[in-house]
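Peer 1: One-letter residues, chain by chain:
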Amino acid sequence: MQDFPYLTVLTGLPLLGAIVVWCLPKSRPETAKIVALAWSLLVFVLSVVMWIAFDAGGDRFQLRESYQWIPTWDARFTFAADGIALVMLLLVTVLVPIVIVASWHDADKSRRSIPTYFALLLVLECTMIGVFAAADVFLFYVFFEVMLVPMYFLIGSFGGHQRQYAAVKFFLYSLVGGLFMLAAVIGLWVVGGHTFDWQALTSSEFATNTGRWLFLGFFIAFAIKAPFFPFHTWLPDAGGAAPAGAAALLVGVLDKVGTFGILRYCLPLFPEASRWFAPWAIALALIGIIYAALLAIGQNDLKRLVSYTSIAHFGFIGVGIFAFTTQAGTGAVLYMLNHGLATGLLFLVVGMLVARRDSANIRDFGGAGKLVPVLAGVLFFAGLASLALPGTAPFVSEFLVLVGTFTVNKPVAVIATVGIILAAAYVLWMVQRTTQGNLNPALLEEPRMRRDLSVREKVVVAPLILLILFLGFYPKPVTDVINPAVQATMQDVGKSDPAPISGTTTEAAVK
Amino acid sequence: MEQTIEYAHATGVLGSVWLLIAIPLVSSAVILLLGRRSAKFAHWLGTAAIGAGFVLTLIYFFSLRDQPNRAVERNLWEFISVGNLKVDIGLLFDPLSAVFCLLITGVGFLIHLYAVGYMAHDERRHTFFGYFNLFAAAMLLLVLGNNYVMLYLGWEGVGLASYLLISFWYTRPSAATAGKKAFLMNRVGDAGLVIAIFTMFAYLGSTNYADVFNGVGGLSSTVVLLMGLLLLLGATGKSGQFPLQAWLPDAMEGPTPVSALIHAATMVTAGVYLIARSNAIFSANEVLQTVVVSVGALTLLIGCIIGAAKDDIKRVLAWSTVSQIGYMFLGVGLGGGAYALAIIHLLAHGFFKANMFLGAGSVMHGMKDQVDIRRFGGLWKLMPWTFGTFTAGWLAIVGFPGFSGFFTKEPIIVAAFEREGWTAWLYGWAALLGAGLTAFYMTRLWVLTFLGPKRWTEDIEHPHESPPIMVGPLVLLAIGSAIAGGLMASPVAKWLEPPLPHEAGHPEPVMSHGVITTLSLVLTFAGIGLAYLLFRRGTALVEQPAGVVVTAARRNLYADAFNEIVFEKPGIFLTRALVFLDNRGIDGAVNGLAAAVGGGSGRLRRLQTGFVRSYAMSMMAGALVVVAAFVAVQMGWLS
Numbered sequence: 190m191q192d193f194p195y196l197t198v199l200t201g202l203p204l205l206g207a208i209v210v211w212c213l214p215k216s217r218p219e220t221a222k223i224v225a226l227a228w229s230l231l232v233f234v235l236s237v238v239m240w241i242a243f244d245a246g247g248d249r250f251q252l253r254e255s256y257q258w259i260p261t262w263d264a265r266f267t268f269a270a271d272g273i274a275l276v277m278l279l280l281v282t283v284l285v286p287i288v289i290v291a292s293w294h295d296a297d298k299s300r301r302s303i304p305t306y307f308a309l310l311l312v313l314e315c316t317m318i319g320v321f322a323a324a325d326v327f328l329f330y331v332f333f334e335v336m337l338v339p340m341y342f343l344i345g346s347f348g349g350h351q352r353q354y355a356a357v358k359f360f361l362y363s364l365v366g367g368l369f370m371l372a373a374v375i376g377l378w379v380v381g382g383h384t385f386d387w388q389a390l391t392s393s394e395f396a397t398n399t400g401r402w403l404f405l406g407f408f409i410a411f412a413i414k415a416p417f418f419p420f421h422t423w424l425p426d427a428g429g430a431a432p433a434g435a436a437a438l439l440v441g442v443l444d445k446v447g448t449f450g451i452l453r454y455c456l457p458l459f460p461e462a463s464r465w466f467a468p469w470a471i472a473l474a475l476i477g478i479i480y481a482a483l484l485a486i487g488q489n490d491l492k493r494l495v496s497y498t499s500i501a502h503f504g505f506i507g508v509g510i511f512a513f514t515t516q517a518g519t520g521a522v523l524y525m526l527n528h529g530l531a532t533g534l535l536f537l538v539v540g541m542l543v544a545r546r547d548s549a550n551i552r553d554f555g556g557a558g559k560l561v562p563v564l565a566g567v568l569f570f571a572g573l574a575s576l577a578l579p580g581t582a583p584f585v586s587e588f589l590v591l592v593g594t595f596t597v598n599k600p601v602a603v604i605a606t607v608g609i610i611l612a613a614a615y616v617l618w619m620v621q622r623t624t625q626g627n628l629n630p631a632l633l634e635e636p637r638m639r640r641d642l643s644v645r646e647k648v649v650v651a652p653l654i655l656l657i658l659f660l661g662f663y664p665k666p667v668t669d670v671i672n673p674a675v676q677a678t679m680q681d682v683g684k685s686d687p688a689p690i691s692g693t694t695t696e697a698a699v700k
Numbered sequence: 173m174e175q176t177i178e179y180a181h182a183t184g185v186l187g188s189v190w191l192l193i194a195i196p197l198v199s200s201a202v203i204l205l206l207g208r209r210s211a212k213f214a215h216w217l218g219t220a221a222i223g224a225g226f227v228l229t230l231i232y233f234f235s236l237r238d239q240p241n242r243a244v245e246r247n248l249w250e251f252i253s254v255g256n257l258k259v260d261i262g263l264l265f266d267p268l269s270a271v272f273c274l275l276i277t278g279v280g281f282l283i284h285l286y287a288v289g290y291m292a293h294d295e296r297r298h299t300f301f302g303y304f305n306l307f308a309a310a311m312l313l314l315v316l317g318n319n320y321v322m323l324y325l326g327w328e329g330v331g332l333a334s335y336l337l338i339s340f341w342y343t344r345p346s347a348a349t350a351g352k353k354a355f356l357m358n359r360v361g362d363a364g365l366v367i368a369i370f371t372m373f374a375y376l377g378s379t380n381y382a383d384v385f386n387g388v389g390g391l392s393s394t395v396v397l398l399m400g401l402l403l404l405l406g407a408t409g410k411s412g413q414f415p416l417q418a419w420l421p422d423a424m425e426g427p428t429p430v431s432a433l434i435h436a437a438t439m440v441t442a443g444v445y446l447i448a449r450s451n452a453i454f455s456a457n458e459v460l461q462t463v464v465v466s467v468g469a470l471t472l473l474i475g476c477i478i479g480a481a482k483d484d485i486k487r488v489l490a491w492s493t494v495s496q497i498g499y500m501f502l503g504v505g506l507g508g509g510a511y512a513l514a515i516i517h518l519l520a521h522g523f524f525k526a527n528m529f530l531g532a533g534s535v536m537h538g539m540k541d542q543v544d545i546r547r548f549g550g551l552w553k554l555m556p557w558t559f560g561t562f563t564a565g566w567l568a569i570v571g572f573p574g575f576s577g578f579f580t581k582e583p584i585i586v587a588a589f590e591r592e593g594w595t596a597w598l599y600g601w602a603a604l605l606g607a608g609l610t611a612f613y614m615t616r617l618w619v620l621t622f623l624g625p626k627r628w629t630e631d632i633e634h635p636h637e638s639p640p641i642m643v644g645p646l647v648l649l650a651i652g653s654a655i656a657g658g659l660m661a662s663p664v665a666k667w668l669e670p671p672l673p674h675e676a677g678h679p680e681p682v683m684s685h686g687v688i689t690t691l692s693l694v695l696t697f698a699g700i701g702l703a704y705l706l707f708r709r710g711t712a713l714v715e716q717p718a719g720v721v722v723t724a725a726r727r728n729l730y731a732d733a734f735n736e737i738v739f740e741k742p743g744i745f746l747t748r749a750l751v752f753l754d755n756r757g758i759d760g761a762v763n764g765l766a767a768a769v770g771g772g773s774g775r776l777r778r779l780q781t782g783f784v785r786s787y788a789m790s791m792m793a794g795a796l797v798v799v800a801a802f803v804a805v806q807m808g809w810l811s
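Residue numbers (the numbering used here), protein chains in the order written: chain A, 190 to 700; chain B, 173 to 811.
Source of the hints: derived by calculation from the structure; they are not laboratory data.
Virtual Cβ for every residue (Gly too), placed ideally from N, Cα, C.
Be a bit skeptical, because a hint or two may be false.
Said to hold, decoys possible - One-sided excerpt, in silico: chain B residues whose CB lies under 8 Å from chain A:
1) Val366
2) Leu376
3) Gly390
4) Ser393
5) Ile737
6) Val738
7) Val751
The following block holds chain A by itself, in its conformation from the complex (with noise of 0.2 Å):
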């Protein structure tokens, strides 16, 4: 089954739905709809047999390919994917469906052409499994550019309020950022033997400061792209004018590059300046985990608020790559799993509950339960999940990152756990100032408030939360996957797990 070119398959899926679907008449957006749900359901499909050929056991990059395109800079068509990517490229698959209907009726209102709106999002998802299926540098690279233009149009175009200024923000804060790496992409080749292959140039060794000057290119287009602290600003302003769908994607798969970058390219690429900067990263982290968790308790727009909590989130993930051991590592990347999950479940709902009312201020809700149960009692479900409850999957990946931060790191380990306090208290604000208390008589003469979800609604959010509970009690399927890869990456970093301090029952650290 591994012979079957699946990475190369599975992006160009989706990029032929895109052109089949952007070719359909305007006049008939259903058929558009429901030729990309079902475009991205047989992605899908594709992905859960990419996944049971992949051996979890095997060798660190598995459905290798490699397809000759620019000689002269010896530059590939290299895909192939490890534990971390696997896990991404399921993310992208799974929540992609769920956003086309999610996102049914979201371009209706637009003077846009809906087809165009379907096909972009397929553009966006092969784009993203791009990105994360690259193995060579040069490849990452201009996916990681060209991911910007569907989103561009998609928050451009069908957005809400601001979106102009929001997409403008996005694209010229990710150019940067791709312009900081594309300098050190460039770098890289002429200091790393002239190839963009990514194997071999995490062979080759780099003075201390080439390799310190490298590493800080790709990491602030990262850092930018995760957004760490003090690049965020461009989050919550995109975030909160994306339509619902292209934002749940934007939080929970697109800023997931980011962090995927640094595991994939600053750690194992160089390592010598990876231990040097992380002190800095973990305490840009560490801020951010803090400061934007106080910040989502201040906000009054749902979801600019949604945006910060997922700064906050960035925040756990950054502390556990660069913790650098083994608990720390496979929560960082079972956390961008997880949250891709449950943040993606909060924007969508808070989107449904947005739509209904067609204001995403929070102070127009209020008493909203009593209205909408079903769709209060969800948006309280992803709240849980989002603080990373214990029996929901982020609570595993929150207690990961924790746990294998604490063993080298106390003081930091300590501090992000006051941001589970934090996060109680935004999730749990939230949740009262719209759906609890006294009834805000303005919901009552919105007829839509009175509807609570439809049935295309329960199918949105119950695959999601289903994955959520599931993962929140066996998370093992997945940690079996990327536990292998954050190990061969904690071995290209050259660190180790420590011993237990006083090791009267157990044996002596993992190999």
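Given the coordinates of chain A, work out where chain B should sit on it, guided by the hints.
Peer 2: Showing chain B alone in chain A's frame:
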């Protein structure tokens, strides 16, 4: 301590111990998923689930007696396995978890039954039972886990259920706020608990009870102290002990059966369970034990003082819960044989406090949800069953000779006097004083509610006794309140050892046993007599001006004011300041930079209309950077 702790693998009947958690969990899921469609049967399904749990617990309980070391564990599946961190979804059924299971399912069943009647007129009764079952499942997981992560899962699960049930009437702003307050204050404690778990892994490489308890001996005393203090922080949060006590009285916003089951009989005693379960850690450090004892002694007095100043029947009971759990903390802090004393008091308290809360609910049921004891009076004639059963609970809590509390509280007081040196006097007298105060405020509550003249509001014409489905559980709980303590005391102490430590021979108390008991009885009767004399003719209908102490007690000893001034107000200011800073400062700098690069302000806005131009320009800028990078590389600046 030198003994290595091992648990046998659960076989035979005991292999199915997971059913205890699964049954209420499935029942809860069915009810919540069906929503309104389950309205016709949800209450019976929920009650039956707990009833089945009780029957199963009895079966497991009796099978456990035949096991060689009376402790079996069952690892169901691998939860986390990353590096050398291994955590199983694993259960431990031993004497300690067994008595908790009996309490949770036994008293829980009676309260479920009562709630069938109490919630009959609520249109969301099915949801109530869904949450109630969810609570039972989480609480059983909490006491059945065989490692600290399982305990934490249950710990957070009961926190969630507690939140949902406190804010069950979520359209009331006060209920929503109380639920949030409970969750947040608990999260502060949870942070302590979870860091304690990190410490276990970092120092011992495991979170399993057996590994941790066996490894504690090898740890430095500083680490043990820290680990214990962190666990204690978790315990104080869940159990409403100082300094995290302020949420518990507000939790009375929930329906009364919730107050009885969660905020009196079971969940709030989880802190006591945590410390008793971790006795290997707590017994290993004397400073730690002194801290626990101090928290217990201080909280039991706080509870009494505030309880004496409140006029809301449920809040008086809530503060008495805070105070009684203070006694339990005192017990587990004293260590040695007192661990078992605390657990026995906890069980007896489960009966009498559930009994009184349900009695309060019965009174409210007949009085149009009135909770102000100044507006009751003379109800003994109209609600004879409620009066009789409540009286049993009252006699039990004040420690009237022959009733439960007398057999369970008294030994803790004696144990406090067994400490060494002057601390025996300090903690012993705190416990004695608490006994007197308890007698006073509980008698005040009892007299004002049931005796004396009627002081009802005008809209109440015929207060009525509650229906049989509510009275039945009351009667059973009243019997338990009266006799449980006396019957349980010595067999349960024996049953609990191990896992609780063996009493290694008493040191002599600083006063003789007889003197302590006499003093305690004198104080109790003084409290009862004083309260009776003061309140037999009723009390003023509105709050009277009062001295410093009473005013402070009415304001919960200013704990809420403290939280508001120290945490809430600065917190709100900080978030507002940060929002301003983020919008104007960081983002402003970015926009300013963009504008400067683009040449003049307002440029950014114009760029939005000319996307292609901006793109091209950015590409230009990008190309410049690239060229610069190339030059840098070629000139060797980077290498």
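Peer 1: Let me make sure I understand: some of the numbered hints might not hold for this structure. Which ones are they, in numerical order?
Peer 2: Those not satisfied are hints 4, 5 and 6.
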